[in-house]
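With chain A held as given, fit chain B onto it using these hints.
There are 2 protein chains.
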Amino acid sequence: MQNNSSHCDQKFQVRKLEISDKSKGFIELLQQLSICDSVSDKRFAERFEAISSYGDDHLVCVIEDDVSGKIIATGSVFIEKKFLRNCGKVGHIEDVVVDSCARGMQLGKKIIEFLTNHAYSMGCYKVILDCSNENKAFYEKCGYKQKEIQMVKYFI
Amino acid sequence: MQNNSSHCDQKFQVRKLEISDKSKGFIELLQQLSICDSVSDKRFAERFEAISSYGDDHLVCVIEDDVSGKIIATGSVFIEKKFLRNCGKVGHIEDVVVDSCARGMQLGKKIIEFLTNHAYSMGCYKVILDCSNENKAFYEKCGYKQKEIQMVKYFI
Chain A
1 MQNNSSHCDQ KFQVRKLEIS DKSKGFIELL QQLSICDSVS DKRFAERFEA
51 ISSYGDDHLV CVIEDDVSGK IIATGSVFIE KKFLRNCGKV GHIEDVVVDS
101 CARGMQLGKK IIEFLTNHAY SMGCYKVILD CSNENKAFYE KCGYKQKEIQ
151 MVKYFI
Chain B
1 MQNNSSHCDQ KFQVRKLEIS DKSKGFIELL QQLSICDSVS DKRFAERFEA
51 ISSYGDDHLV CVIEDDVSGK IIATGSVFIE KKFLRNCGKV GHIEDVVVDS
101 CARGMQLGKK IIEFLTNHAY SMGCYKVILD CSNENKAFYE KCGYKQKEIQ
151 MVKYFI
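The listed protein sequences derive, respectively, from chains A and B. Quick note: the first sequence, position 84, residue 84 per UniProt numbering, numbers continuous. Quick note: the second sequence, position 77, residue 77 per UniProt numbering, numbers continuous.
Chain A with its partners taken away, still in its complex shape (with noise of 0.2 Å):
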């Protein structure tokens, strides 16, 4: 159990988002969560590096699966810099999702527990994330209680 246990955490480690992660199927994983036609390698590129240059204050995660090469679960955390609580910090988790094949492992709460301790290491005071009613109880179980309601406004 023991072994079974530590081969499964092996197998699906999570790792920071890479640049060649788009032939691995990242954007395929992001139409599962929401709009997003297919990105040009131009584009995605410069996205990359713009997030990228923010260094541990903007951090997209994946995880590969080896067996088929395809990236399966993914999330992201940036970091909101404030006056207020002595000039804190706040975890702002974004774009989680977890390949609708590869459910049932557990993949989400890795992500989610990646990202919270990325927070926690970047010495913010809390994570707050934006989610469904339907997706109340499995953020309870990483630890999450709700607080206040979101407000959206659409420009397009």
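Rather than coming from a laboratory, the hints here were simulated on the basis of the structure. Be a bit skeptical, because a hint or two may be false.
Identical chains share a label here; the pair holds if one copy fits it or two copies do between them.
[What the hints assert, rightly or not] Once the Cα atoms are required to be at most 25 Å apart in a straight line, the calculated DSS-like pairs of lysine-lysine come out as: (1) LYS11 <-> LYS136; (2) LYS16 <-> LYS89; (3) LYS109 <-> LYS147; (4) LYS81 <-> LYS22; (5) LYS136 <-> LYS147; (6) LYS11 <-> LYS141; (7) LYS126 <-> LYS147; (8) LYS126 <-> LYS42; (9) LYS136 <-> LYS126; (10) LYS89 <-> LYS42; (11) LYS22 <-> LYS89; (12) LYS22 <-> LYS145; (13) LYS145 <-> LYS109; (14) LYS70 <-> LYS145; (15) LYS89 <-> LYS126; (16) LYS70 <-> LYS42; (17) LYS126 <-> LYS110.
Structure of chain B alone, referenced to chain A:
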């Protein structure tokens, strides 16, 4: 009526935060929103520079009362760069507060309009914010709609 309105608009203009606003009660204003002990000038300057280094990707705005010389309203927005929505951008509005002595003058609406317009001008496809149920009606008047729920994990 037209003149009064113009006068009021001139009097309560929204502008970017300046480093000298610390001495105009900016921190005391934030204390009306959340925990915010007094901050040293050095720490304030460091955080001001850190936020300024993001340029238009992180904007803190204020309204100054020309009569008292005090900051009486503030809010911030930062621009998150995503891969989904065809490498889209999302504006995140945070830390909106109006001085309890300056309520009823539509200053909150001015702040939200300023931040929303900034997100639009930066090419965001949407702007989001979290608020209490109590403040939902105010944001609806600003053109926002409830969408999801906010989950939080506190480290301290």
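Consistency of the hints with the structure:
In this assembly of identical chains, the alpha carbons of LYS11 and LYS136 never lie at most 25 Å apart, being 27 Å within a copy and 45 Å across copies at closest. In the homo-oligomer, the alpha carbons of LYS16 and LYS89 lie at most 25 Å apart both inside one protomer (21 Å) and across protomers (20 Å), since each shortest distance falls under that limit. Taking the closest pair of Cα atoms, LYS109 and LYS147 come within 25 Å of each other both inside a single copy (20 Å) and across two copies (23 Å). Taking the shortest Cα distances, LYS81 and LYS22 sit within 25 Å of each other only across copies (16 Å), while inside one copy they are farther apart (30 Å).
Taking the closest pair of Cα atoms, LYS136 and LYS147 come within 25 Å of each other both inside a single copy (11 Å) and across two copies (14 Å). Taking identical chains as interchangeable, the C-alpha atoms of LYS11 and LYS141 lie at most 25 Å apart only when both belong to the same chain, with a minimum of 23 Å there against 50 Å between chains. Within a single copy, LYS126 and LYS147 get their C-alpha atoms as close as 12 Å, and across copies as close as 22 Å, so both meet the 25 Å cut-off. Proximity of LYS126 and LYS42 under a CA criterion of 25 Å is satisfied inter-copy only: 24 Å between copies versus 35 Å inside one chain copy.
When the C-alpha separation of LYS136 and LYS126 is checked against a cutoff of 25 Å, the pair qualifies both within a copy, at 18 Å, and between copies, at 23 Å. Taking the closest pair of Cα atoms, LYS89 and LYS42 come within 25 Å of each other only across two copies (17 Å); inside a single copy the shortest separation is 32 Å, beyond that limit. Taking identical chains as interchangeable, the C-alpha atoms of LYS22 and LYS89 lie at most 25 Å apart only when they sit on different chains, with a minimum of 19 Å there against 30 Å within one chain. For the identical chains of this complex, LYS22 and LYS145 are neighbours neither inside a copy (33 Å) nor across copies (34 Å), given an alpha-carbon limit of 25 Å.
In the homo-oligomer, the alpha carbons of LYS145 and LYS109 lie at most 25 Å apart inside one protomer (15 Å), although the nearest pairing across protomers, at 29 Å, exceeds that limit. Proximity of LYS70 to LYS145 under the C-alpha cut-off of 25 Å is found in neither arrangement, the shortest distances being 32 Å within a copy and 36 Å between copies. For a Cα distance limit of 25 Å, the shortest separation of LYS89 from LYS126 qualifies both inside one copy, at 8 Å, and across copies, at 23 Å. In this assembly of identical chains, the alpha carbons of LYS70 and LYS42 lie at most 25 Å apart only when taken from the same copy (21 Å versus 48 Å across copies).
In this homomeric assembly, LYS126 and LYS110 come within 25 Å of each other (Cα to Cα) only inside a single copy, at 18 Å, whereas the closest approach across copies is 28 Å.
When each numbered hint is compared with the structure, violations occur for hints 1, 12 and 14.
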